[in-house]
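Chemist: Each chain is listed here by its residues.
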Amino acid sequence: MSSEVVLSLRDFRVTFNTMNGPVQAVRGVDLDVHAGEMVGVVGESGSGKSVTFLGLMGLLPKSAKVEGSGTVRGTEIVGATSKQLRSIRGKRVAMIFQDPLSALNPTHRIGTQIVEMIQAHQDLSKAAAMKRAIELLDIVGIPQPDQRARQYPHEFSGGMRQRVMIAMAIANDPEVLIADEPTTALDVTVQAQILEVLQRIQRDLGTAIVLITHDLGVVARVADRVQVMYAGRPVERATVDNIFQHSAHPYTQGLMASLPSTSGERLIPIPGSPPNMLNPPPGCAFAPRCVHALAKCTVGDPPPLVLVGTNETACVRAHELAAELAGEVVGNV
Amino acid sequence: MSDPILEVSGLVKNFDVRASKGLRVVHRTVQAVSDVSFDVISGRTLGVVGESGSGKTTLGRCIFRLIEPTAGSVKFKGQELVGLKASKLRDLRRNMQIVFQDPYASLDPRRTVQDAIMEPFAIQKIKGDHKKKVADLLELVGLAPDHARRFPHEFSGGQRQRIGIARALALNPSLIVLDEPVSALDVSIQAGVINLLQDLQNELGLSYLFIAHDLSVVRHISDQVAVMYLGKIMEIGPSEQLYTAPLHPYTQALLSAIPEPDPVTERERQRILLQGDVPSPINPPSGCRFRTRCPIAKDICAEEEPALVDRGLGHPVACHFADVMPVKVSISSIAG
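Sequences listed follow chains A and B, in order. Using our numbering, the letters of the first sequence correspond one by one to residues -16 to 316. Using our numbering, the letters of the second sequence correspond one by one to residues 25 to 360.
These are calculated hints, taken from the structure and not from any lab test. Here the structure is a predicted model, which means the values were calculated and not measured. Possibly wrong hints are sitting among the right ones.
DEER-style ranges, computed between Cβ atoms [claimed, not checked]:
| hint | chain 1 | residue 1 | chain 2 | residue 2 | range |
| --- | --- | --- | --- | --- | --- |
| 1 | B | Asp27 | A | Pro126 | 46 to 54 Å |
| 2 | B | Glu31 | A | Gln134 | 40 to 48 Å |
| 3 | B | Val50 | A | Ser85 | 37 to 45 Å |
The beta carbon of each residue, even a glycine, is placed where N, CA and C say it ideally should be.
Please build the complete structure, drawing on both the sequences and the hints.
Modeler: Dropping the structure here:
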């Protein structure tokens, strides 16, 4: 990928101090997001996919300790003062969430709320900002935007509210839009509409989008590249085609095998459950559930991402497994 | 084996709601389930899919009379349930059980797993020592017998759902209604619970009514599928047929909206993008309820409600135009 890196995470870590001790929710995430691309961040509950970006944006409670590096075109965000953060959030990096209703103020008109967002970062008159707000509602596909701008959040359906959130998020032409499970609360026909809006924004405005989701189907539809997370670390990274066609990490392979397919074959679940992050296991966190695990998988530091074939994978046996797989393919022929 | 174990016909459930119109309070009726009929065949699975507000959950509860239906008939093994005395109904409920979506809310946090699984015996006043039965049930659902003395908080979501299933199996029922049984679970855990449900069906000859919004899960587990929209069945038929050759424009749109976990398919497939949202069930559209979002709606769709009829195409469908365009409505493709 030759285009410029707009968002970069290096050894990004988030630890929550709890009564039972520190919970290591995010344990060293590296990620580069390039201009104009859509990166899918995939993982199951507790994998740290949301916490990574909430931590980056300074949206976690005080009990959370954020370490490592997170930069937006070279500007370091980790450790920034709240004043510095305010000038980045909503301006250079915007975020939308699963539940749009709780993110909107029920007592203010939609238009006013978008105007507020615009005026926080741009020196525009109220009338000019309102004109821009109506334009934004039109961009995200809200019919009769001038009338809808005068309405309140409760007069909007779930899908329309999510469109409003996207309008607010792109109000200041951010370089990166972080979408945290933006369609999880929506019905599948409405989800299709919202995904289409996100693709349009990526294509027409050139905004880089980080799409956090648990739904592999959503990722397959819209992402260019995918990062799979497990127990607070990335376990695999590749282009969307390579993630689905040549999954290299046993966890990614396990996720794919768990999905119901059209052929109706028996599903293959991943045995066991994710580790307790109060006390994550040594070595690879997936080893206790992994069918390929050996003794060497459960010692030392968690394995880093290394390039094996087309995919970067965090598995100490990656080369062996790739060779086995290639052998099987040859054997079958 | 083709005997129906459950026959539902003309089932209606109206809820009275108070809506405010300015300062006045007006009484309105929500038609959550509106004239729904279907059979569940013994030993088979009927899947019910629909988006929020389609009435699928209300339907499941009306069958048990956990919600009293407004009208219609529900027959279990030929015995009418609607209007049945409470004591008779309790006897019948031994044979039909329900598993709910939320494995966190459906178990009492202060009672052990053993207490939870033994509760059906107490309700049915079945005396005796059931500890052995509890151990057997736990093994049947893939848990260990010594889990019986533990409390719900010691279990993960998937394990809790297995406890819920063990409880439903305690009285050896023949029909189980599964209301979104896996939608709260992560995909790697969900697969294990789906396999368990299929194994139990094969071993015990259970019949399932499987209610869910996830179309790929429903396809995987169901023999027959009913598609609901705003309280009505739009289309019902054999699972493979319904998924590969859907007749109703809504089913076609719904199927094309599900994201498939395959980037190549996703890039190549044409999609029917429905406009807008599901209308309010308080004031459903006249005629066909789907017409406000239907890409092929004509005048007749507003005037006349299409009946759910089999037009010789293998499965009943409620659309005026199902026979004139049996293959596919014209698809407005969106570039990916």
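Chemist: Now tell me if each hint is right for this structure.
Modeler: Outcome of the hint check:
1. The hinted window of 46 to 54 Å between B:Asp27 and A:Pro126 holds, with their beta carbons roughly 51 Å apart.
2. As the Cβ distance of B:Glu31 to A:Gln134 is approximately 46 Å, the hint placing it in 40 to 48 Å holds.
3. Between B:Val50 and A:Ser85 the beta carbon distance is about 29 Å. The supplied range of 37 to 45 Å is therefore violated.
Checked against the numbered hints listed earlier, the structure breaks hint 3 alone; every other hint is satisfied.
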